[in-house]
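Enquirer: These protein sequence lines are chains A and B, in that order.
Each step along the first sequence adds one to the number in the UniProt record's numbering, with nothing skipped, and position 324 is 324.
Each step along the second sequence adds one to the number in the UniProt record's numbering, with nothing skipped, and position 380 is 380.
It is possible that part of the hints are untrue.
To be verified - With beta-carbon atoms standing in for the labels, derived distance ranges:
1. B:Gly-173 <-> A:Val-238: 41 to 49 Å
2. B:Gly-14 <-> A:Asp-290: 17 to 25 Å
3. B:Glu-417 <-> A:Ala-362: 53 to 61 Å
4. A:Glu-395 <-> B:Gly-188: 22 to 30 Å
5. B:Ala-192 <-> A:Ala-362: 29 to 37 Å
6. A:Arg-338 <-> B:Arg-259: 53 to 61 Å
As the list claims (entries may be wrong) - Part of the chain A face toward chain B, derived, beta carbon under 7 Å:
7. Ser-147
8. Thr-151
9. His-154
10. Asp-225
11. Asp-270
12. Pro-274
13. Ala-277
14. Thr-296
Don't read these hints as lab results, they were simulated from the structure.
Computed from a predicted model, the values in this text were never measured in an experiment.
The C-beta atom is built at its ideal place from N, Cα and C for all residues, glycine as well.
2 protein chains.
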Amino acid sequence: MASVDVPVALLGYGTVGAAVHRLLEESADEIERATGHRLRVTRALVRDTSKDRGFSPEPGVLSDDFATIRDDPAIQVVAEVMGGVDPAGDYVLELLRAGRPVVTANKQLVARRGAELFEAAAAGGVQLRFEASVCAAIPVIKVLRESLVVTNVHRVLGIVNGTTNLILSAMEGGRPYGEALAEAQRLGFAEADPTEDVAGIDAAAKTAILATVAFGTRVPLDWVDVEGIEHVTLDHVVAARALDMHLKLIGRATLVGDRVDVRVGPAFVDRHHPLAAVEGAFNAVMLQGDAIREITLEGPGAGGIETASAVVADMVSVVGTTGTGFLQNDPVWRKLERLPAGDLTSPFYLRLEVDDRAGVLARIAHELAAEGVSVARLVQQPGDGHAVLHVVTHEAPAGRVEAALTAIRALPESRGEASALPVVSDRGVEELGWT
Amino acid sequence: MASVDVPVALLGYGTVGAAVHRLLEESADEIERATGHRLRVTRALVRDTSKDRGFSPEPGVLSDDFATIRDDPAIQVVAEVMGGVDPAGDYVLELLRAGRPVVTANKQLVARRGAELFEAAAAGGVQLRFEASVCAAIPVIKVLRESLVVTNVHRVLGIVNGTTNLILSAMEGGRPYGEALAEAQRLGFAEADPTEDVAGIDAAAKTAILATVAFGTRVPLDWVDVEGIEHVTLDHVVAARALDMHLKLIGRATLVGDRVDVRVGPAFVDRHHPLAAVEGAFNAVMLQGDAIREITLEGPGAGGIETASAVVADMVSVVGTTGTGFLQNDPVWRKLERLPAGDLTSPFYLRLEVDDRAGVLARIAHELAAEGVSVARLVQQPGDGHAVLHVVTHEAPAGRVEAALTAIRALPESRGEASALPVVSDRGVEELGWT
Ligand SMILES: NC(=O)c1ccc[n+]([C@@H]2O[C@H](COP(=O)([O-])OP(=O)(O)OC[C@H]3O[C@@H](n4cnc5c(N)ncnc54)[C@H](OP(=O)(O)O)[C@@H]3O)[C@@H](O)[C@H]2O)c1
Ligand SMILES: NC(=O)c1ccc[n+]([C@@H]2O[C@H](COP(=O)([O-])OP(=O)(O)OC[C@H]3O[C@@H](n4cnc5c(N)ncnc54)[C@H](OP(=O)(O)O)[C@@H]3O)[C@@H](O)[C@H]2O)c1
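Working from the sequences, and respecting the hints, build out all of it.
Expert: So this is what it looks like as structure tokens:
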């Protein structure tokens, strides 16, 4: 790159796009110090060029015609900040194939069409960076790819959706789910249709991307076992509190031998675990590896300016490493299999409603033992005529726990509810200090 | 860099050096995938080549003569993992001047001789990377320099010494300082002479480096106001607990206009602050900036293999970005002044021992008010004949708080002790939920 002046383009000029433009202008000096180049937005694609915009580009920059960007040979990096899988995916593919580096903030695009996109990047000999697609300003992709290159990361645990974390925090304060959701909507944290957040769809895309980068194998979105928070009740929150834990929506990716397990769902998090303290709309990702033990990154996982800061960092990294071989390629380098869902082990929390009479405990203990599930702690809470049992198990395969629950539900003493949630702890449950 | 095979050298082959060698060998494939190059250790400097070593290099690799490294033109990166300021500093200078990129894990060297070293790197046209010098495996330098390039970081808060954090954690469990220190020594976390850790010397070097990189101005070590944990007592720990806070040794760097304040000392950390949950020998650094609000990185801050993982990541980054302009230069680009120590504001915790008689509270309140220090919370704890007052103030300049303490100590009712510690909170003290 000979020129000091580097023309760049944006696909999209909404919340994130306008913030990218503002950051590029305000930080032009910092960027020049870091890279020797000044990045200047010469084109930005929108649907409606006549719309009123807070931070407006110079006349002639906005365009509703993708060809003005595709066909301008001066443009050296393009940031895709328009969202959606179509037509964003096709635009990005065309650019990469034409040898144009691309930076994207689009988690659904990377999670769904990553394979094609990285193939096109390799064919075009250019970089595709995607830091902003996972947890906005938290630089987890760069850290995974550049700092943890030799650490063999085998587990990723994350709170990767701020909206659900905010709702669960509010529920810990005593509000029922519906009220907490309505409050998040009122505050602008949840959409009018909150499905993408509360059903775990957003978290699933991010967890799939994290797993792909961490393990170097393509993790398709449909491998992710997803459960949202719609069925979480105050009972769960109260039980967590009583056990000195926090209820969180956790994205988990685990490398087991040469197979992977990726899932998103509510979990109990031990109070001493670094993820337990993540409050409100914040995100955090813990990376566990051989050489590093564990590194946790925490910060804002959304927001226009926060996301834009990651987009700009990626643009700066592209400009700063053009011409070298450094990590321009597909993060994927091996082909691992999906672990059968029932094989993943974890400690579990079980909530069982049973008749309050002699012998029930023994029968439940028997069913758990029959599946090899051993009990670390049991609290019996009397109700009127029935009892609620709170059980925390030692590490056990999810499939065996599910089988034990099925057997328990079939007991004549069962009063219906028998549910399980994984427990996230950085220590064995036997060290949780229970007596 | 034409060759796929890249000869590298180590200065030092101790705990970290041997681990670097092992990681380079074990992860040769990963590194080749990332950079297209295989890094091979062809020389390692030691004092005693005949010493028995766990992980031994091939014959001919160990040398006690620096010239064998300096004069070998094939060597393309050198990792300095020998420690000490002399002769390590002179070796690194010679290498940089000769156009050889260097990676170092040596905090004292970077903190004391950074200016010279970066000047030599610029003159030689090569990179000097130093990730491992601050918090081992936690990639805070890379994140600051490459991910937060446009975020205007204005505050860095860190738990950057694992030994003292471990000791303070043990004190929270009820052990007095001496016993907690002895335990840390027994476990191998503290040296026989623990001064560098407990007096804050290690934390001061790391905080100076963090401030230099975060603010882009050279922060000499003697600007850092340092207080260790030697005088922390169980009284402090108990008072912290009663106020729902944790006592931590905190490194703090603050940008105030165009002046900087850098200090290391014990502080009270609000229970909800991300640093409060950092337990045992772990480290964590919180970076606050305009675009990102705050990002916290947590992980192991020491250990041979953890430190080696950062050294190797730096070597990989050097090899992966050679030939580009990306961040090879001195992180320093401006010249800021040191803020007068008394001007830095913070909420403070005050512990005052006074006679238990009428009117004392009024006189103390008067002295605080006279300095413009306003009280957020006050707890009076009766003793025999005297009382201990625990005061948490609103944000106030350290100098005014110190002046108020001096006045309070001079009161006839004062029983001697009148001490202050800063309070770290991510919320205003008025939001701490006290009534
Ligand atoms: N906002 C966040 O907090 C956040 C956080 C992380 C990631 N992201 C990701 O960042 C991306 C952008 O988000 P955003 O919040 O900035 O969205 P937004 O405010 O809705 O902006 C979208 C922009 O793209 C343009 N656009 C959309 N479809 C287009 C099409 N078919 N042709 C031409 N232009 C089109 C829009 O044009 P008009 O202006 O003419 O409508 C608008 O300028 C998404 O992938 C999102 O997932 C956002
Ligand atoms: N260990 C950690 O957890 C950690 C964490 C962060 C940073 N660091 C930093 O990493 C660096 C190395 O630490 P370490 O724990 O690996 O130290 P170490 O085990 O004492 O090893 C030092 C090595 O350097 C060699 N050496 C020392 N002075 C020398 C001299 N004048 N000439 C030639 N060789 C010399 C020694 O040779 P011999 O083997 O012949 O004695 C030894 O191989 C230090 O700067 C330290 O602050 C360490």
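Enquirer: Are Arg-338 (chain A) and Arg-259 (chain B) spaced within 53 to 61 Å by their CB atoms?
Expert: 56 Å, holds
Enquirer: Please verify that hint: Thr-151 (chain A), Cβ, nearest Cβ of chain B, below 7 Å or not.
Expert: 5 Å, holds
Enquirer: Grab the minimum C-beta distance from Asp-270 (chain A) to chain B and call the hint holds if it beats 7 Å, violated otherwise.
Expert: 11 Å, violated
Enquirer: Okay, Ala-192 (chain B) versus Ala-362 (chain A) on CB: inside 29 to 37 Å?
Expert: 56 Å, violated
Enquirer: Under 7 Å is the threshold here; is the Cβ of Thr-296 (chain A) close enough to any Cβ of chain B for the hint to stand?
Expert: 4 Å, holds
Enquirer: Is the shortest C-beta separation between Asp-225 (chain A) and chain B less than 7 Å?
Expert: 27 Å, violated
Enquirer: Under 7 Å, Cβ to Cβ, is where Pro-274 (chain A) needs to be relative to chain B, so tell me if that hint holds or is violated.
Expert: For Pro-274 (chain A), the interface hint holds, since the closest Cβ of chain B sits about 6 Å away, which is under 7 Å.
Enquirer: Check the following: the C-beta atoms of Glu-417 (chain B) and Ala-362 (chain A) are separated by a distance inside 53 to 61 Å.
Expert: Given a distance of about 59 Å, which is inside 53 to 61 Å, the answer is holds.
Enquirer: Is the shortest C-beta separation between Ala-277 (chain A) and chain B less than 7 Å?
Expert: 4 Å, holds
Enquirer: Can the suggested window of 22 to 30 Å be confirmed for the beta-carbon pair Glu-395 (chain A) and Gly-188 (chain B)?
Expert: Given about 29 Å between the Cβ atoms, the range holds.
Enquirer: Under 7 Å is the threshold here; is the Cβ of His-154 (chain A) close enough to any Cβ of chain B for the hint to stand?
Expert: Not OK, violated: His-154 (chain A) not within 7 Å of chain B, min 14 Å.
Enquirer: Given the range 41 to 49 Å, decide if the beta-carbon distance of Gly-173 (chain B) to Val-238 (chain A) lies inside it.
Expert: With a Cβ separation near 28 Å, Gly-173 (chain B) and Val-238 (chain A) fall outside 41 to 49 Å, so the hint is violated.
Checked against the numbered hints listed earlier, the structure breaks hints 1, 5, 9, 10, 11; every other hint is satisfied.
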